[in-house]
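J.: Heads up: the sequence lines are chains E and C, in that order.
Those letters in the first sequence? Residues 1 to 456, per our numbering, in order.
Those letters in the second sequence? Residues 1001 to 1268, per our numbering, in order.
Calculated directly from the structure, the hints in this document are not laboratory data.
Only a predicted model underlies this, so the values are computations on that prediction, with no experimental measurement involved.
Cβ coordinates follow ideal geometry from the N, Cα and C atoms, glycine included.
Please note that the accuracy of each hint is not assured.
[To be verified] Okay, derived cross-link-like pairs now, SDA-like style, lysine to any residue, Cα gap no bigger than 25 Å in a straight line:
1. C/Lys1248 to E/Leu401
2. E/Lys338 to C/Gln1050
3. C/Lys1173 to C/Ala1069
4. C/Lys1173 to C/Trp1149
5. E/Lys338 to C/Leu1046
6. C/Lys1248 to E/Asp166
7. E/Lys338 to C/Ala1086
8. C/Lys1248 to E/Ser196
9. C/Lys1173 to C/Arg1150
10. C/Lys1248 to E/Phe256
11. C/Lys1222 to E/Leu401
12. E/Lys138 to E/Arg86
[Said to hold, decoys possible] Footprint (simulated), chain C over chain E, 3 or more residues, beta carbon under 8 Å:
13. 28-39
14. 163-169
15. 413-424
16. 438-451
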Amino acid sequence: MSYRHVVGPRTFVFADLAELMAKASPPRSGDRLAGLAAESAEECVAARWCLAAVPLAEILARPLIPYESDDVTRLILDTHDATAFRRIAHLTVGDFREFLLTATPDTLAAIAPGVTPEIAAAVSKIMRNQDLILVARKARVVTRLRNTIGLPGTLAVRLQPNHPSDDPAGITAAILDGLSYGCGDACIGINPVSDSVQGLTGLLHLLAEMIDRFAIPTQACVLTHVTTTLEAMNRGVPVDLVFQSVAGTQAANASFGVTLPLLREAHEAALALQRGTVGDNVMYFETGQGSALSADAHHGIDQQTLEARAYAVAHAFRPLLVNTVVGFIGPEYLYDGKEIIRAGLEDHFCGKLMGVPLGVDVCYTNHAEADQDDMDTLLTLLGAAGVTYVMGVPGADDVMLNYQSTSFHDQLYLREAMGLRRAPEFAEWLARIGLTDASGALLPGGGAPLLAGLAA
Amino acid sequence: MSRDDDSAADDPAAAWRRLAALTPARIALGRAGSGLPTREVLRFGLAHAQARDAVHTPLDAAAVRAGIAALGFDTLAAASAAPDRATYLRRPDLGRRLDEASAAALAAAAGEPVDLALVVADGLSARAVHEGAVPLLSALKPALAGSGWRLTPVVVATQGRVALGDAVGTLLKARAVAVLIGERPGLSSPDSLGIYLTFDPRPGRNDAERNCLSNVRAAGLKPDLAAFKLHWLIGQALTRRLTGVALKDESDRLLEGPEGRGMVPDRR
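Use the sequences and the hints to build the structure in full.
T.: This is the structure we're talking about:
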């Protein structure tokens, strides 16, 4: 079914819903690379007028990728909650935007199981950045393993102590530095150079020993392929969180070497270890716009809609943490600071609307048209939007992955500017060992309690 | 515990200095309130500026060709189908293809089939090429001369991606192609050269079908050692008729075995 919109003497025609959604997308290089973007600014806005009039029920009824040929589509439709959808079934995309702006947090939580990724993506395309911030701020998602992440007024941080050769002493030094800034409540998560089970085992023991030594209420993760983590679990290695990169189509997931049954197997194995203390959310997923296109698995669908579909994959496994790595993939997908900022807000909004605990790796590469000021802007906007967590990378410079993310200092900035607290169990621990005062402010002394603990 | 550790707790600054020496990561930076000390803001700014300049400085192809010619190589110029840097960054597909004029010129220059095509391309760091291409080729030259392989002229290409070598290798009828290309600059490595070797180059080859030597620069994999490894890989590729995941770089065995002593002047 085609869609059309008349602007003065011109009639814009869009062949189907996929084309309509792609052309309604705010401009970005990845959609142009795929040949899906609107050909003029006017066509983009005509597509948004058209999209605003499309009933949500029609989006639900017309899967962009056929049910028969894609297991992510099947997952979305098979787990769709018709009862939750009933409250919004009569709305168009344009009505839905207004509904969201007036909805209470409880209402947003109630409709979340009825919001498909395509519905979330569609409405995001006609929302301004301020709309994405205000609505996401109301959509809280709380998860637990050894602490409580996502409570209103809190921000968590993944401590990311990467090292170019996985050197245990170098990683330990970066962890101590990060803890001294009060980072690490989301997790202490290493991107390893090596994908071997032996390498993984050594790093997981290092992290478990560190968490035990200081009795830190947090969880460890080594971000390696799910099959490697499964093998480690089979060998009795302590695994708190299972990590995997996921995407929004079956074919893109296949390019990552991942299937839904494989994720299910890993989820069940991690649950069986019962390593949580206050909850049992044991999965950690990363996503990012452009991954399906780069795997040549995009089905002619715009990259932001596919990104929202990745959150449906994540959601199925009750994750503790999910983050978009928004500026990592490069300028052929998100060209500059403006595109990265927009994508970060869209991703966060779509995830939260669908009930996913979305964090954002606010980041860029050196060949993107972006810099620290752009990251400050996105970080501040995400703080206003109630982002679940961000990364803590020493000095914002990841010396293993060669990109720039947010730093230990950046999270201090955001806490001070917005009054954001840490996960409560972690905050209590920091105060108990003498790194912060009762209000969460860092105490002077250069992390002396950690150095003393190391020497003990 | 040792006295050293006891004193560490007494003198946090000294302890953090020792910890900072364990990693190239930017730890123990200090803070001014919630922010970085001014020194660190500026230090980061300089590193980012150098990386940005590496990406956006145009390749001085004439100077690079002159430097390579001075080593005794013939050279040819080529350009990808990406007309400028902004297009190059947005359209990786164009950087993998030759523009029409270059394709015609290379086709005209092609002679009998040869063993190896050499391509030097700006990639994402012209600085890496400006500083690293001549030292690498200089180190490689004696080994190439001794091998008896038939070579193409060195093709110096602008706005090129790795896969541009596949197009060059095809047109010049080369059994293998080695592409020396500026890598995506890291914050502390704006000058890193990558070398990609592909047997039987043709459009559509993927990265799993190539061998890569990465981080070739004065502070990384030094040119002499990189040239030694590349020469070894070329020999293996031409003999075993393959590159990629099935060909592992085992050149270190030669270096470490008794027969390898003295083959490389400086392995640091």
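J.: A separate judgement is required for each hint: does it hold in the structure or not?
T.: Each hint tested on the structure:
1. C/Lys1248 to E/Leu401: Measuring from Cα to Cα gives roughly 23 Å; hence the hint holds.
2. E/Lys338 to C/Gln1050: Holds: E/Lys338 and C/Gln1050 sit about 22 Å apart, inside 25 Å.
3. C/Lys1173 to C/Ala1069: 22 Å, holds
4. C/Lys1173 to C/Trp1149: Since the Cα atoms of C/Lys1173 and C/Trp1149 sit roughly 14 Å apart, the hinted pair holds (cutoff 25 Å).
5. E/Lys338 to C/Leu1046: Holds. E/Lys338 to C/Leu1046 sits at ~23 Å (cutoff 25 Å).
6. C/Lys1248 to E/Asp166: Given pair C/Lys1248, E/Asp166 holds - Cα atoms ~21 Å apart, limit 25 Å.
7. E/Lys338 to C/Ala1086: 16 Å, holds
8. C/Lys1248 to E/Ser196: Within the cut-off at roughly 17 Å; holds.
9. C/Lys1173 to C/Arg1150: 11 Å, holds
10. C/Lys1248 to E/Phe256: Between C/Lys1248 and E/Phe256 the Cα gap is close to 23 Å, so the pair holds against 25 Å.
11. C/Lys1222 to E/Leu401: 21 Å, holds
12. E/Lys138 to E/Arg86: 21 Å, holds
13. 28-39: It holds: at least three residues are needed, and the stretch 28-39 of chain E offers 3 whose Cβ sits within less than 8 Å of chain C.
14. 163-169: holds (count 4)
15. 413-424: holds (count 3)
16. 438-451: holds (count 5)
Of the numbered hints stated above, none is contradicted by the structure.
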